[in-house]
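Peer 1: Quick note: the sequence shown uses this note's numbering, first residue 1, plus one each step.
Treat the hints with care, as some may be off.
[Stated by the list, open to error] Cβ pair distances, simulated, as ranges:
| id | residue 1 | residue 2 | range |
| --- | --- | --- | --- |
| 1 | D137 | S2 | 30 to 36 angstroms |
| 2 | A17 | A143 | 28 to 34 angstroms |
| 3 | T142 | P16 | 19 to 25 angstroms |
| 4 | D53 | Q31 | 28 to 34 angstroms |
| 5 | P30 | T142 | 28 to 34 angstroms |
Hints are computed from structural coordinates only; laboratory data are not their basis.
Glycine included, C-beta positions come from ideal geometry on N, C-alpha and C.
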Amino acid sequence: MSKAWLSLGANIGDPPAQLADAVDRIISQPQIALIAASSVITTKPWGKTDQPDFANMAMSIVTSLKPLELLDVLQSIELAMGRERIEVWGPRLIDIDIIAYDRRIELSPRLTLPHPYAHERDFVLDPLREIDSETADWVIATAASKS
1 MSKAWLSLGA NIGDPPAQLA DAVDRIISQP QIALIAASSV ITTKPWGKTD QPDFANMAMS
61 IVTSLKPLEL LDVLQSIELA MGRERIEVWG PRLIDIDIIA YDRRIELSPR LTLPHPYAHE
121 RDFVLDPLRE IDSETADWVI ATAASKS
């Protein structure tokens with residue numbers, strides 16, 4: 001089993017309810033078990049700032065899925081919940097990102113580990129610190145070592 005850390009966010013519809021629904025859908029997968037979930041925080045938008053505030057949280061899981069298999073499951077959950085990929089950094093019903101996976105450093109056309117922007121985003125780091133401060137520190141240190 002591998003350990004992964006996820007970041008979840010939403011800013012249209014009923015964001016807290018959508019985050020709870022996403023968590024339920026993720027942990028209902030037979031190959032995924034929840035280790036910890038952070039509280040939900042409200043944050044200002046990042047990148048594209050002329051939109052509603054976001055509700056954000058983090059969770060850590062154990063999974064038998066490989067990184068790209070996990071990505072496929074998470075994207076299928078987003079799609080089932082009504083996510084439309086219309087605008088980069090735009091409003092969304094749900095966003096689920098893999099922040100780290102077994103502290104692996106990986107780059108592929110579909111997935112970069114750790115998440116390439118996580119170290120710049122307090123809305124990712126603050127909830128992650130709440131459930132696993134060592135992994136948050138690792139994400140920051142890994143980004144620093146690449147620059």
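Peer 1: For every hint, state whether the structure bears it out.
Peer 2: So, going through the hints one by one against the coordinates:
The beta-carbon spacing between D137 and S2, approximately 20 angstroms, falls outside the hinted interval of 30 to 36 angstroms. At about 32 angstroms, the CB distance of A17 to A143 agrees with the hint of 28 to 34 angstroms. Look at T142 against P16: about 31 angstroms separates their beta carbons, and that is not inside 19 to 25 angstroms. A hinted range of 28 to 34 angstroms holds for the C-beta pair D53 and Q31, which are about 33 angstroms apart.
For P30 paired with T142, a C-beta distance near 31 angstroms keeps the hint of 28 to 34 angstroms intact.
Against the hints set out earlier in the document, violations occur for numbers 1, 3.
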